[in-house]
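Residue numbers (our numbering), protein chains in the order written: chain A, 178 to 485; chain B, 178 to 485; chain C, 178 to 485; chain D, 178 to 485; chain E, 178 to 485; chain F, 178 to 485.
Everything labelled a hint here was simulated from the structure, so no lab data went into it. Each hint should be verified, as a subset may be incorrect.
[Stated by the list, open to error] Using 30 Å as the maximum straight-line C-alpha spacing, the simulated DSSO-like pairs for lysine-lysine come out as follows: (1) A:K189 <-> B:K218; (2) B:K279 <-> F:K218; (3) A:K282 <-> C:K418; (4) B:K409 <-> C:K373; (5) B:K418 <-> C:K189; (6) E:K475 <-> A:K218; (7) D:K218 <-> F:K221.
[What the hints assert, rightly or not] Pair ranges (Cβ atoms, derived): (8) F:R180 <-> C:N321: 36 to 44 Å; (9) E:E376 <-> F:R180: 51 to 59 Å; (10) A:N310 <-> D:E184: 58 to 66 Å; (11) E:R241 <-> A:K373: 45 to 53 Å; (12) F:M178 <-> B:Y234: 38 to 46 Å; (13) E:R220 <-> F:R444: 51 to 59 Å.
Think of the CB as a built atom: it goes at the ideal place given N, C-alpha and C, for glycine as much as any other residue.
Here is how the chains run, residue by residue.
Protein chains: 6
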Amino acid sequence: MPRQEFEDRISKTVESLSDPKTYNVVCHEHRLGEPLPSIAKLRKVVNMIREILFPGYFGNTSLRPNTTRHYMGVYVDELHELLSEEILAGMCFECQDDNSVKIDKHKARAKETAACFIENLPEIRRKLVADVNATFINDPAARNLGEVIFCYPGIRAITNYRVAHKLLELEIPLIPRFISEMAHSETGIDIHPRAKIGENFTIDHGTGVVIGSTSIIGNNVKIYQGVTLGAKSFPLDDEGKPIKGILRHPVVEDNVVIYSGATILGRITIGEGSVIGGNVWVTRNIPPKSRIVQSRPKSTTFADGSGI
Amino acid sequence: MPRQEFEDRISKTVESLSDPKTYNVVCHEHRLGEPLPSIAKLRKVVNMIREILFPGYFGNTSLRPNTTRHYMGVYVDELHELLSEEILAGMCFECQDDNSVKIDKHKARAKETAACFIENLPEIRRKLVADVNATFINDPAARNLGEVIFCYPGIRAITNYRVAHKLLELEIPLIPRFISEMAHSETGIDIHPRAKIGENFTIDHGTGVVIGSTSIIGNNVKIYQGVTLGAKSFPLDDEGKPIKGILRHPVVEDNVVIYSGATILGRITIGEGSVIGGNVWVTRNIPPKSRIVQSRPKSTTFADGSGI
Amino acid sequence: MPRQEFEDRISKTVESLSDPKTYNVVCHEHRLGEPLPSIAKLRKVVNMIREILFPGYFGNTSLRPNTTRHYMGVYVDELHELLSEEILAGMCFECQDDNSVKIDKHKARAKETAACFIENLPEIRRKLVADVNATFINDPAARNLGEVIFCYPGIRAITNYRVAHKLLELEIPLIPRFISEMAHSETGIDIHPRAKIGENFTIDHGTGVVIGSTSIIGNNVKIYQGVTLGAKSFPLDDEGKPIKGILRHPVVEDNVVIYSGATILGRITIGEGSVIGGNVWVTRNIPPKSRIVQSRPKSTTFADGSGI
Amino acid sequence: MPRQEFEDRISKTVESLSDPKTYNVVCHEHRLGEPLPSIAKLRKVVNMIREILFPGYFGNTSLRPNTTRHYMGVYVDELHELLSEEILAGMCFECQDDNSVKIDKHKARAKETAACFIENLPEIRRKLVADVNATFINDPAARNLGEVIFCYPGIRAITNYRVAHKLLELEIPLIPRFISEMAHSETGIDIHPRAKIGENFTIDHGTGVVIGSTSIIGNNVKIYQGVTLGAKSFPLDDEGKPIKGILRHPVVEDNVVIYSGATILGRITIGEGSVIGGNVWVTRNIPPKSRIVQSRPKSTTFADGSGI
Amino acid sequence: MPRQEFEDRISKTVESLSDPKTYNVVCHEHRLGEPLPSIAKLRKVVNMIREILFPGYFGNTSLRPNTTRHYMGVYVDELHELLSEEILAGMCFECQDDNSVKIDKHKARAKETAACFIENLPEIRRKLVADVNATFINDPAARNLGEVIFCYPGIRAITNYRVAHKLLELEIPLIPRFISEMAHSETGIDIHPRAKIGENFTIDHGTGVVIGSTSIIGNNVKIYQGVTLGAKSFPLDDEGKPIKGILRHPVVEDNVVIYSGATILGRITIGEGSVIGGNVWVTRNIPPKSRIVQSRPKSTTFADGSGI
Amino acid sequence: MPRQEFEDRISKTVESLSDPKTYNVVCHEHRLGEPLPSIAKLRKVVNMIREILFPGYFGNTSLRPNTTRHYMGVYVDELHELLSEEILAGMCFECQDDNSVKIDKHKARAKETAACFIENLPEIRRKLVADVNATFINDPAARNLGEVIFCYPGIRAITNYRVAHKLLELEIPLIPRFISEMAHSETGIDIHPRAKIGENFTIDHGTGVVIGSTSIIGNNVKIYQGVTLGAKSFPLDDEGKPIKGILRHPVVEDNVVIYSGATILGRITIGEGSVIGGNVWVTRNIPPKSRIVQSRPKSTTFADGSGI
């Protein structure tokens, strides 16, 4: 390709890519002059929280009676600063108008909200301690609590969920969703931060788990990899858009176990103490203490190597 | 272990690992003196493309009428340089002979091909805008297009697919496959770059989705996590190797919805407007407007805690 | 929120988070003064091993007759140092008492064990060469061995497994589990390092695969994405904790193929040469040369757009 | 040292270091909640300016007729953002009171000032082109202008000076001083940003050069390493503090050459066209076209090796 | 150059470079298996100390009554760990024998010494506060103490000196010298850590200052750039090696000012209150309250441009 | 400043900065499509060379009889690749025409030259061992050779000089100068790579030393900080440009010592065994075994504090 032709083709493409008509739906103008949430900083936020919750596992905390308080003080201080900043970025991401009065209000609210979140850390730790214990008891292969905390993807995903859920309760936009997608990418476990999950929750292996936004899960529930708590079809409004806020995901009561690959759809209830076998398709209510398994597969023997 | 014994054992192992007989099948001699494709640089390539396609989301682009064109110009220029380099590395990866005439030809073709790819970016953006819209409309939990672009793994995977597919059409080796594996690792969604996918495509949650290389997908299709569009057994040649290029994956027509965990295998057709329920196993043609669901699981109630 | 109130609330939270009662179950005191295993260093260990096993793919090795031995010598030397350090960190992670006699013994054993592991690298390479060949032959879409080594998540997961399995045989705590979780996060494939896997093993696509700790897999086995080799319920001891060490995962004999999403639970045997179809739920022995498929789904045609 | 004693001694030291009486003179409370100037970002600012002024030398600018404007546009845009931020940090460093009205005014002024600085870049480039030419002509060892721009510490120091001087004229605190100290550290050349320096200025080698804050230097001046343009004693006020703003450094007229190590102190004038020899001590006016050299050293011959 | 010839020449060079005879004087075998002092970690040590001494200038310390103690506690804890490690590396650098009893003793002493050093930080801060004040009062161009702390190379060099001097008093090998060379490289100021320097010390500009190892400097001394406090010739022992430990550098009494470029050599005394002019060569005692200046240079006027 | 005005002013500045008339003298078009020499890579080159020459000091070399050869082999191999690349970049920096035949020739020559340089490393090591010994013997404060190698700026500067000098002898453009400027920035010692320097060379402290391009230095010479071996005026050609290549710097014969701050200018000879005192100005030949010192400064005593 001659030099001039190359330059012309590239220039034409730049023109086309710079034409507002082609990008105005999918471009992001940084609102109020504030930056986008930073993926790197949100990772740091989550890592700090993990170190605060499980001291000594994910940071450099040197735990001795004299030093623990210093480390907690510093981590909490740094967390407040970093989290306020990201909360603000999340607010500006969704905010429509652009004036400097608003930005001052946003800043104050971001700091306030970050402080509220921090006040909830002791309660989040209490719940996660219970989740770690439940996970340990549910897995004969686990050697000790330390291994569960340090290695298990289920704990990582539940940690992100409990953090994101609290941030969502504090009405922070975008950041909660991002934090759960972070765990989704790392573990394959996709828990919507709006879902409600009880205590002593175990996810084993976890890849492919989906827990939809209006799901409700009781206490002492255990689910395996590939389990979906999803929605069936959903009603559309007059413009053909889905109506928001309809309860469309399952309610899973206490003490339920769901084996790998089960797909449970719609606002149905899986009754207390039930066991749902793997790979089933469930779209109706299941009474308490039920045992549901896939109907028996067809089995034939064959002599040739022709496969399936 | 005494020092000398240690040295001897290590030395013996180094000998063994350096014996060409043990590695010559699985070593890579950098052909024509050019380096391997660089994983870090390919990540940068994909990130640049994402910023060009969705300006303002993944970079520092400061979008104002006066500046957009400058940013697009610079990004396109940098992309051309980096992509040419990686395309060349991909070519040399597969190239068998080693002479300097070839390398000059390769270099020219790499630059030409990178320019052709760049010319296709406006069209790729057009398609992705439609995919984003479809995803938004299909998910009641989505708050706005920005959240879909910034957080949704489905959009990330489809972006990598549309980029990799175009690179494959331009006959670039290795790089397309690597770009789709990059999305696979991040999202759990594995779309072969050779697959053909229509417009307004939605993948929800996505972990575990597999779309094989000869699949054809129509417009307005939505698939959920864990769906496989795969091959059954495939014929072998006389040496026992699989015959390449046989059409062995499904055709999914327009307006089909496939729920989580469905496994659809072989060169069959899922007819227009059909709905495939979760966890089914489908190996035969499905007529248009069909509804397929797993046969009802066995349900029993139990009083004891013996599980499944 | 007034400044003073803010300070008070934060201080109170720091108090609470520093209360040993709230964290003493889930904190990690660095035992014997040695650091935690380092995630970054373990990544480097695995990458070095990959470069030693497949020279020229994952590093800067410049392979020429005169240089290969130098590179192998240096890589092995660096690997020994880094791996000794991480093995020591793993030992201290689980060690309960804290005295300096112990630490010297641990150090000696860590170096010894790292050397033993290195002596096994030629054998690990031999097995992985066979796995790469099997994967190539099993996938019509693969263009050459290089693409399989460089891009395929199955090979990455099997490599980590074979490395972790050997480390576990050498009785190193924590590190093997961490190395398999590393592959789990990157590929969605979760192979417990204690599982026993034969030669010529293929995992295709792989996301969602789970292979439990007491599984036994023969030679020439191929499994697809989403396959679970798991446990059913397991017996508890008097304190309600699961009894460790019970054989509770399947035995898969030679030449078996298992399609995507199959869930196979309990200490059952899948007989030689069987083919297990996708999405089935199997909890009983399967005789050799069986073909198991899900019972046919219900199919209806519909005219309205009401979905499932 | 027993554990407890260690803890006590460390704790006591922490107490002492945390006692406000010991640090309140030398601590920095981040005023108005804004961060300190960032050393890393100021380095980036200076590097960006260098790339804008000398395109193609210090960055990735790919200079072609079609692309230069894009690169300049992007660099200027990025520079404006980064520089505004650092100017603001500099303002807050010196600002005494702490209220949010002020911070908004500061922000606006920082952006305005950054824009004014950018408007001066073409003029700064014009002057530096002349400095580069003068340096090239003055050094027989220089091979070409490119070498002078890329390698010569004199050009680096003069660039930082011309940038810092303009920022000081725009009344920005702290940042100009920091930028000249950056060059001082890299080159050993210490030019106060308040000094006034004419055109076609050459500093050769440069280590140890000091040019004080009220110095005035004409056109076509050349100075060598180790030259000081400094102050003698200076008057103190009633509190014993030096009186600020007194003219206390030399005036060097056009076409003067000053050889290495000359020390020139006080508000004296070195007349047009003079040559000052090395290592002299000058504290009085020098008429135009003078030639000043050190009085001849004492020379003896010696036979023994006793040295000096 | 043909391939084979190239390989042969390179191989031959590798042989030669690997011949112990050629490197055994200048190679470093890591003694006792411990690593070399790490340049990167020593930089971090010095930066931490600077942040502890001048809180809020060089780190992220967020200074509020509630948080200062936490930050000091954490910084001191981290400093103790890092410094112990580097002290140990310094000990092993000089240690000749290689047995594991020794290493345990070294470790204990390294930790002890690091704690002793930390106990001296309050006193080091007290002295540096005085140095900062003296520097501020001595420079009419300084705007405030903050600028002096943040920007002035003299303060940076004196800080490193006071730290290194204390470490040397604690008999730590190598590290003190390295810390002063770090300041030397950054500022051009070379103060031997063994020199003794009083209070209220000012170095202005500083490039080229050398203060030799047996120098003694009183209180309220000010020296300018390029000043040497050095040794003349020194006696050799019978093997022709310099005899260590002889007092061979100047004593500078209180309230002395030394202007730029003065060279003062040998164990002489510069009497209290003296002023030494620039560029002089002083090798004999100077009585108190002397004023020493270079003899007047020769001055001629010239009409031609022939230079010097 | 209103938004629109801001945009207009910035745009106008971008126009001006993009006007080729303003930058065409000082811009660098990457010739032949090859990149500029990379500052980061040249640092790595020099560091590799330092580790090869002084094994165990600046890298991770684990020196044991079995491993030294492997490390040397790998370092030499990596050095060859990196250095070839930078040599090529240096060639293209100065090359005027732009065609692809040339680039192939350049590449071949760059590889050849890098190999030649590597062949000289044993000889460079031999010379540096002698320099280290001389430096050690000349400094009573040095504790051992290790400290000299690890800490002394003189050795760092001489190492860069000996490397750069050899590269210049091999007629490589730009790179030698850059390598000496690297040492200049780090140590304040500016040795032109074209200077000729004998064996057993010592530079003590070194800040401010300048050794011009046509200087010749004999064996066993020692120079202190601030010494200049420079040029006086130099003849201009008809266009007023300095005539290149004239011998204009001093010849310093064997066994000479030059104290700090001496300025020695022009093509004069400092005779064998002479001692030049500090701060002298020497522009004429000095016979062998001379002792030159500054004439005695004027000394007065004063009672008032009026300074100088």
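Against the structure, the hints:
Of the supplied pair hints, the one linking A:K189 and B:K218 holds, its CA atoms being roughly 26 Å apart against a limit of 30 Å. Between B:K279 and F:K218, the direct Cα distance comes to roughly 28 Å. Compliance with the 30 Å bound is thereby established for this hinted pair. For a cut-off of 30 Å, the pair hint linking A:K282 to C:K418 is broken: about 52 Å separates their Cα positions. Restraint check for B:K409 and C:K373: satisfied, since their Cα atoms lie roughly 27 Å apart, inside the 30 Å limit.
Proposed proximity of B:K418 and C:K189 is contradicted: the alpha carbons are some 69 Å apart, above 30 Å. At roughly 66 Å between alpha-carbon atoms, E:K475 and A:K218 are farther apart than 30 Å, so this suggested pair is violated. Simply put, D:K218 and F:K221 have alpha-carbon atoms about 24 Å apart, close enough for the 30 Å limit, and the pair holds. The hint said 36 to 44 Å for the Cβ distance between F:R180 and C:N321, and at roughly 57 Å that hint is violated.
Look at E:E376 against F:R180: about 55 Å separates their beta carbons, and that is inside 51 to 59 Å. The beta-carbon spacing between A:N310 and D:E184, approximately 32 Å, falls outside the hinted interval of 58 to 66 Å. Taken as a hint, the range 45 to 53 Å is violated for the pair E:R241 and A:K373, whose Cβ atoms sit roughly 37 Å apart. Checked against the hint of 38 to 46 Å, the pair F:M178 and B:Y234 fails, with Cβ atoms roughly 29 Å apart.
In this structure, E:R220 and F:R444 break the distance hint of 51 to 59 Å, their C-beta atoms being roughly 43 Å apart.
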